[in-house]
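Chains as they are written, first to last, in my numbering: chain A, 1 to 391; chain B, 1 to 391; chain C, 1 to 391; chain D, 1 to 391.
Hint data in this document are derived by calculation from the structure and do not stem from the laboratory. One should not assume that every hint holds.
Chain copies aren't distinguished; within one or between two, either way the pair holds.
[Unchecked claim] Straight-line C-alpha distance at most 35 Å; calculated DSBU-like pairs for lysine-lysine: (1) Lys213 - Lys374; (2) Lys97 - Lys135; (3) Lys97 - Lys213; (4) Lys374 - Lys297; (5) Lys97 - Lys127; (6) Lys374 - Lys53; (7) Lys374 - Lys157.
Number of protein chains: 4
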Amino acid sequence: MRIAGRHFLQIPGPTNVPDRILRAMDRPTIDHRSREFAALGRRVLEGVGTIFKCSGPVVIYPASGTGAWEAALVNTLSPDDRVLMYETGHFATLWRKMAERLGLDVDFIQGDWRAGVDATAIGARLKDDVAHAIKAVCVVHNETSTGCTTDIQAVRKAMDASGHPALLMVDVISSLGSIDYRHDEWGVDVTVGGSQKGLMLPPGLSFNAVGPKAISASQAARLKRSFWSWEEMISVNAGGFFPYTPATNLLYGLAEAVDMLHEEGLDNVFARHARHAEATRRAVDAWGLEVFCVNEKSYSNSLTAVLMPAGHSADRLRQTVLDAFDMSLGSGLSKVADRVFRIGHLGDLNDVTLAGTLSGVEMGLQLAGVPSRKGGVQAALDFLTPRPESR
Amino acid sequence: MRIAGRHFLQIPGPTNVPDRILRAMDRPTIDHRSREFAALGRRVLEGVGTIFKCSGPVVIYPASGTGAWEAALVNTLSPDDRVLMYETGHFATLWRKMAERLGLDVDFIQGDWRAGVDATAIGARLKDDVAHAIKAVCVVHNETSTGCTTDIQAVRKAMDASGHPALLMVDVISSLGSIDYRHDEWGVDVTVGGSQKGLMLPPGLSFNAVGPKAISASQAARLKRSFWSWEEMISVNAGGFFPYTPATNLLYGLAEAVDMLHEEGLDNVFARHARHAEATRRAVDAWGLEVFCVNEKSYSNSLTAVLMPAGHSADRLRQTVLDAFDMSLGSGLSKVADRVFRIGHLGDLNDVTLAGTLSGVEMGLQLAGVPSRKGGVQAALDFLTPRPESR
Amino acid sequence: MRIAGRHFLQIPGPTNVPDRILRAMDRPTIDHRSREFAALGRRVLEGVGTIFKCSGPVVIYPASGTGAWEAALVNTLSPDDRVLMYETGHFATLWRKMAERLGLDVDFIQGDWRAGVDATAIGARLKDDVAHAIKAVCVVHNETSTGCTTDIQAVRKAMDASGHPALLMVDVISSLGSIDYRHDEWGVDVTVGGSQKGLMLPPGLSFNAVGPKAISASQAARLKRSFWSWEEMISVNAGGFFPYTPATNLLYGLAEAVDMLHEEGLDNVFARHARHAEATRRAVDAWGLEVFCVNEKSYSNSLTAVLMPAGHSADRLRQTVLDAFDMSLGSGLSKVADRVFRIGHLGDLNDVTLAGTLSGVEMGLQLAGVPSRKGGVQAALDFLTPRPESR
Amino acid sequence: MRIAGRHFLQIPGPTNVPDRILRAMDRPTIDHRSREFAALGRRVLEGVGTIFKCSGPVVIYPASGTGAWEAALVNTLSPDDRVLMYETGHFATLWRKMAERLGLDVDFIQGDWRAGVDATAIGARLKDDVAHAIKAVCVVHNETSTGCTTDIQAVRKAMDASGHPALLMVDVISSLGSIDYRHDEWGVDVTVGGSQKGLMLPPGLSFNAVGPKAISASQAARLKRSFWSWEEMISVNAGGFFPYTPATNLLYGLAEAVDMLHEEGLDNVFARHARHAEATRRAVDAWGLEVFCVNEKSYSNSLTAVLMPAGHSADRLRQTVLDAFDMSLGSGLSKVADRVFRIGHLGDLNDVTLAGTLSGVEMGLQLAGVPSRKGGVQAALDFLTPRPESR
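Okay, chain A solo, but in the shape it has when bound (with noise of 0.2 Å):
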């Protein structure tokens, strides 16, 4: 039987695609060597760094967004380097995952998922290195598992008061295009993004924003490298030309989303996202659930996970949201799977639409009898509503 209405994809990404860019994308591949390649290559590539507000090169990938963790360790280290990473969720578990596969030494600082990153840890893990064993420091901006931030300001001046040359690399994925980031101004070496979060991309781009200690620590890097190697990506791009093909479709798209973040303007865009992850998380509390996230000012703007009731599963509600509303939610992933759900409020949302998720879940909560008070919507419609005009 054929569901009425448009799917509500409220996941913390892929996020919904605007019709403007689904459009953009639906027109013939042209050839990645011609004079009209070489203006929308130009396009994208500048465009692209006013997003990540990075001044030095962003790379492009055709790859999804793993692809562009891979691509900051390989073009920055060398076999058994040591990185620090933090674990604050799913994610930061995977990158650290994927550093040990790739051959690096990963010191991991133990985290409880329900907060960011603790920068004095860091600092402290970096002034006990007095032999500067460690060469970069990988955070995660936004744990997209969690919906806790890090802030990366306190992280870079953790790494600058203890005078240690590690480089700063710093995961954008569900961050970039919703939450405030500037990579030049916060000092950070390597930014990893992706295109199907903020960015309001189908999955399939991936981003290096690089800044020059990180080009130099490329040039003795002994990482194995060939597809993710910056050198040659960054020396043919400079022509508005890839060194191998480009994933041309969504870069029609990257342009369109790019121009829309501009359209809109980028601190409205934040102010967008933090107006909606509050109202959320007033809906939450309303709810009498527990935001996952336990420290105020790690609250994730693109996302918030809930935790569920004990002894009632997030996946059954989850299911029966998408079953009775045909919305989907993000699920709790490894250590809270089935004890959270995730409720994503990024990418191209507006209040209403925002109103209609919170409504689905509270309905969902209702229906799968998951111990709850009603009220949530209403919370946040008070929050949304502006001050009434005075005539």
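Using the hints provided, position chains B, C and D relative to the given structure of chain A.
This is chains B, C and D only, laid out in the frame that chain A set:
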């Protein structure tokens, strides 16, 4: 400044066109004299009959809905013929105006717009017409300007009881595919439909479902006609073709729309609309506002018109909602201009989109300073939430 | 079995709709009473005037081309009015048939279909009509069934020379956007156009470009009209709106089409069509076949009708071409059914697509065993190839 | 100035993406952890195997083709392993370069680019390698830079005859879906494919079809890998899922592409490519130019590289063709830069489009003043025209 997110088009038509239909239309136009076209032609001609529940011909015009009104009149009537119409609202009044322009003598029974047709009044008028001067009774099934429906079976019965031979013509522009309708079973002679409401298509197609008595009448009818003439249409349609260029790309969409309605099941489609209408009325009631339709039996499942508190402008509210929440509501028309606004809940809609819609109205009422209570969305959710699952 | 590759739609309309237009139409329908719509409405209403070269109103109907014929007649004429028409081919004959159905008295000058209108015959008939019984002269600019054009300026001059006050109405359905046309400059009173040929849109829109004399005539005209009535249209169009539901998605496409024609430049568009028509005629000549149009001055730039050798079926050839090469050619209509086939070379076309088209015809002639020589494509290429570059 | 008509993308990939595939991709991205996705995942994973004719796993990477080269190497080999490669052209040379960057020891058999792999040379080298230092033989099935194919069965036989246990890896990026290929039957261990050629998709997906011997090798292989690792991919693919975010919208297109190839029938697809290639070579011959590939048995059915007369620039010709006829041809690469141009005739192509393509080349040769004869298109048409029908 770009506004993020998807526009909510909650007017009572055109409705939100599903992606699947837009994509079906986004194809090269084909030769309208080819075998491939004939297969398409037969498919849509047969398919649309199942939606009208009409076993006779359904003429498809490459023209928007108003054209099909004209077609119904010019194919069956002669200059100065008397027709009986009933003032259910703005659209019934426009149909009358058209009939007069076409040289017909309209007997227009006045109504107060807050209910559907009073079948007994029709019956009485017909009984008085012993000379059978009245050649047709024309009524609107669902008056889009008011949100009041008419009991077509009751009209039929009143006509039958009067023993009067007038034709029965029914406008189902905003009910077809939303509210149960049965051309054959209810003894309708001409049914007038359009593409842009329950059929979920863009505007540009309209329909005359034609019964045998209407076919007979058309043979004697002397109003001039060419573009709208049934005769050549029906004859050429037999082979899957059209006598002049059809709106091929809209026919692609129509084929898809018919499939989609049957995939969901027409009875499910009607039940869904009834459920959404009831939820909407509960919201209106909770807001302390008044549903414009005063007769429960006449409540429309396609749209709900809401009466504004005295002294408050419906158009100002609509503008507030559009500006603040990127949602379009229907305006009050002519007699009720600025006094009512209309919430469309027809076409391709699900619970969470309806919840978002009602949230936009509720926030808009607050923001515009319209005296009203909160809690409308909550009332709707309470109604929409299925009984909790037993576990 | 699937047939690989892109279908070649080389009928004289509908033409190949460019992706850019299809994609422009592949967007959600908007509220036709909104400010956003008004901007669109104004844009297309003004834009389309630049294509007709008409400074007065251009009425846009949400109906396919035949409707605009009817509109031209019912807005300007009264029952039993005499109109002068000229048999240039199938479509002129259909227009006559329509006029008769609408109650007009048609004086139909016979023609042999192999040339355009003989302006002197028009002049003579008007001079004879001392009582000015003839109210309008209706001619087809480019007769789609024959590939013969008419010199509209010559008709105008003949009318002026006769001192007769009849209106001049011109059908440009298959010439607009392909062959130079100037409503104002040529003194036309009503120009009738459609969307699916030179405007490169799918069928579903049609046009009346209206001059001041026609406006005056409409005030006295007594043919019944409502859907087609100019009066309310023109009045409501002033604000960018339409009196009844417009075909919004086709209007999206129209806005794009007007932009595209101006981006290329109308004079370039006409020169391109002239070049492709000449190349096609050279191919026909090289094949040893006969261009149906016998008057060089009347050669159409939109299409070329080709006469089959006696005893050979044009429809069989067309079917062979369709089956073997997935290309649609136009059929001969009524008087020339099965005796001519028509090659459409209008709309969004380039040299290599034309070369492919002619190749399909040449191979089809061979395959179907039609007596003919090879070398048509070569002749076309010889003509199409620019002079070698000097180096 | 806008250029009218459809661009002819006649490079040897990316190829012209059919509307049906573009439209399939023009849909909202879905949750990649949902049941709906799992059905899609299973469909494409199974489907693509039928194109590779591989009964084992086919790994689908959300990355463009070059990535799949890297994947083949890093999954099966260890640092300093020796691999035997063969210089068939630019792409074979790039693969060699990649292997060296990844730390492999490449034995690169020199070739003159004008033929495919000499299988006897492979056999000889393997026989000499009594110590079995060579771990893999890597060859390109269809060298996109030269239009020469390699007889993979002959390579297999030579390997078998030598009794050498090296793996056989084959790049089918520009042959898959155009030229017959049989992973299982031909005893290939790893086949490397991409989306943007015979599969008719935009770039962004690539493939490793994997045989059992390669799976075994991967368990011992010590090159570092994470993103490209088969192990987790194959394990998670079993459920229809992917270990990291897949390129969902490209997978929509892939499902459609597989259906389309089977609707046409793979053998018909190959026959069509063979026919178009032969027609193209006849045109080249008639022009008095030289097909770059000198070995008839190596002629590619995907593309034809054409050698320019001495002293004439291929790139200038290509620019002339692009500027005058809006058609893209492939450039000569590295060793043959500016000396050859390449005509792509693979993917979704029919006879009339090929005829248009060859017309564009023939006119371009004239226009650019390249010494050549006319008559190439005619020669192609003579070949393409089926025998006349008996009547």
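Hints that the structure is at odds with (numbers, increasing) = 1, 6, 7
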